[in-house]
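Number of protein chains: 2
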Amino acid sequence: MSSSAALVSSDKVNGSAVYGAHGDEIGHIDHLMIDKKSGNVAYAVMGFGGFLGMGEDHHPIPWNALRYDTSREGYVTDINEDTLKGAPERPEGWQRDRDWEQRTFDHYGVPYYWI
Amino acid sequence: MSSSAALVSSDKVNGSAVYGAHGDEIGHIDHLMIDKKSGNVAYAVMGFGGFLGMGEDHHPIPWNALRYDTSREGYVTDINEDTLKGAPERPEGWQRDRDWEQRTFDHYGVPYYWI
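Each protein sequence line maps, in turn, to chains A and B. Mind the numbering: the first sequence is residues 1 to 115 in the UniProt record's numbering, read in order. Mind the numbering: the second sequence is residues 1 to 115 in the UniProt record's numbering, read in order.
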């Protein structure tokens with residue numbers, strides 16, 4: 001599939017590189033979390049290598065905080081280490097915890113996926 | 001992850017069963033096609049076993065033509081064999097062919113994902 005296509009397979013998104021505002025690769029997309037009813041992609045669960053100075057760590061990032069960069073065939077985000085560290089802690093059952101979701105999207109300053 | 005959760009991992013959607021209007025299993029989701037910019041799931045590319053009397057065959061079905069059934073932990077659709085056979089033929093480069101996409105969504109009678 002051409003990189004200029006508007007659609008991408010979920011198989012291909014998983015593993016895509018994510019670049020920070022300064023162009024450095026900060027991690028990759030491990031998998032997506034999809035809203036079953038609407039079919040919106042809610043989160044990209046990102047794996048961060050040494051980004052936080054620890055082993056591979058997974059964090060759900062609002063999909064709206066990523067944008068696709070056709071020239072690099074990867075995603076770009078303004079999220080940095082501080083934003084990530086300050087994000088609301090992920091509770092048990094976060095996949096259906098609208099209160100946590102709202103605080104998280106507010107933290108990252110991006111539109112809710114559920115509206 | 002609980003089956004009652006609102007969010008599902010893209011890894012888990014792939015392989016999910018799809019049931020027809022009469023409750024019979026007609027196929028499964030092979031993978032999803034995602035609109036890179038909006039993050040909307042555009043299509044579920046379904047694999048049909050003997051449904052059409054041929055070997056495993058893949059067809060992109062508008063995501064809006066599927067609905068999640070929590071009790072069965074799978075998807076349900078009103079699409080039947082006739083609808084599928086009558087669908088617009090998939091051209092080379094269908095992933096960025098808005099004309100084909102429009103005819104396809106019209107055929108299945110579901111709202112466009114790009115509006």
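You may find that some hints are simply not true.
Across the chosen pairs, the derived CB separations fall in these ranges [to be verified]:
#1 B:Gly-47 x A:Gln-102: 16 to 22 angstroms
#2 B:Gly-23 x A:Pro-91: 35 to 41 angstroms
#3 B:Arg-103 x A:Ile-115: 25 to 31 angstroms
#4 B:Arg-103 x A:Glu-25: 20 to 26 angstroms
#5 B:Lys-12 x A:Asp-78: 46 to 52 angstroms
#6 B:Asp-106 x A:Pro-91: 42 to 48 angstroms
#7 A:Ala-17 x B:Gly-23: 40 to 46 angstroms
#8 A:Arg-72 x B:Asp-99: 26 to 32 angstroms
#9 B:Gly-86 x A:Glu-81: 51 to 57 angstroms
#10 A:Asp-11 x B:Asp-78: 23 to 29 angstroms
#11 A:Glu-73 x B:Asp-69: 21 to 27 angstroms
#12 A:Asp-69 x B:Lys-12: 26 to 32 angstroms
#13 B:Trp-114 x A:Asp-78: 22 to 28 angstroms
#14 A:Arg-98 x B:Gly-47: 44 to 50 angstroms
With a straight-line Cα cutoff of 30 angstroms, these simulated DSSO-like cross-link-like pairs (lysine-lysine) come out [as the list claims (entries may be wrong)]:
#15 B:Lys-85 x B:Lys-12
#16 A:Lys-85 x B:Lys-37
#17 A:Lys-85 x B:Lys-12
#18 B:Lys-37 x A:Lys-37
#19 B:Lys-37 x A:Lys-12
Derived by calculation from the structure, the hints in this document are not laboratory data. All C-beta atoms, glycine included, are put in the ideal place defined by N, C-alpha and C.
Each hint tested on the structure:
1. B:Gly-47 x A:Gln-102: 16 to 22 angstroms: violated (37 angstroms)
2. B:Gly-23 x A:Pro-91: 35 to 41 angstroms: Between Gly-23 (chain B) and Pro-91 (chain A), where Cβ atoms are some 37 angstroms apart, the hint holds.
3. B:Arg-103 x A:Ile-115: 25 to 31 angstroms: holds (30 angstroms)
4. B:Arg-103 x A:Glu-25: 20 to 26 angstroms: About 40 angstroms separates the Cβ atoms of Arg-103 (chain B) and Glu-25 (chain A), which means 20 to 26 angstroms is violated.
5. B:Lys-12 x A:Asp-78: 46 to 52 angstroms: violated (29 angstroms)
6. B:Asp-106 x A:Pro-91: 42 to 48 angstroms: holds (43 angstroms)
7. A:Ala-17 x B:Gly-23: 40 to 46 angstroms: With Cβ atoms ~43 angstroms apart, the hint holds.
8. A:Arg-72 x B:Asp-99: 26 to 32 angstroms: holds (29 angstroms)
9. B:Gly-86 x A:Glu-81: 51 to 57 angstroms: holds (53 angstroms)
10. A:Asp-11 x B:Asp-78: 23 to 29 angstroms: Holds: the Cβ-Cβ distance is about 27 angstroms, inside 23 to 29 angstroms.
11. A:Glu-73 x B:Asp-69: 21 to 27 angstroms: Violated, at about 36 angstroms.
12. A:Asp-69 x B:Lys-12: 26 to 32 angstroms: holds (28 angstroms)
13. B:Trp-114 x A:Asp-78: 22 to 28 angstroms: The hinted range 22 to 28 angstroms holds for Trp-114 (chain B) and Asp-78 (chain A), with Cβ atoms some 25 angstroms apart.
14. A:Arg-98 x B:Gly-47: 44 to 50 angstroms: violated (34 angstroms)
15. B:Lys-85 x B:Lys-12: holds (28 angstroms)
16. A:Lys-85 x B:Lys-37: Holds, at about 26 angstroms.
17. A:Lys-85 x B:Lys-12: Given that 30 angstroms is the threshold and the Cα spacing comes to 28 angstroms, the pair holds.
18. B:Lys-37 x A:Lys-37: holds (20 angstroms)
19. B:Lys-37 x A:Lys-12: holds (15 angstroms)
Hint compliance for this structure: hints 1, 4, 5, 11 and 14 are not met, and every other hint is.
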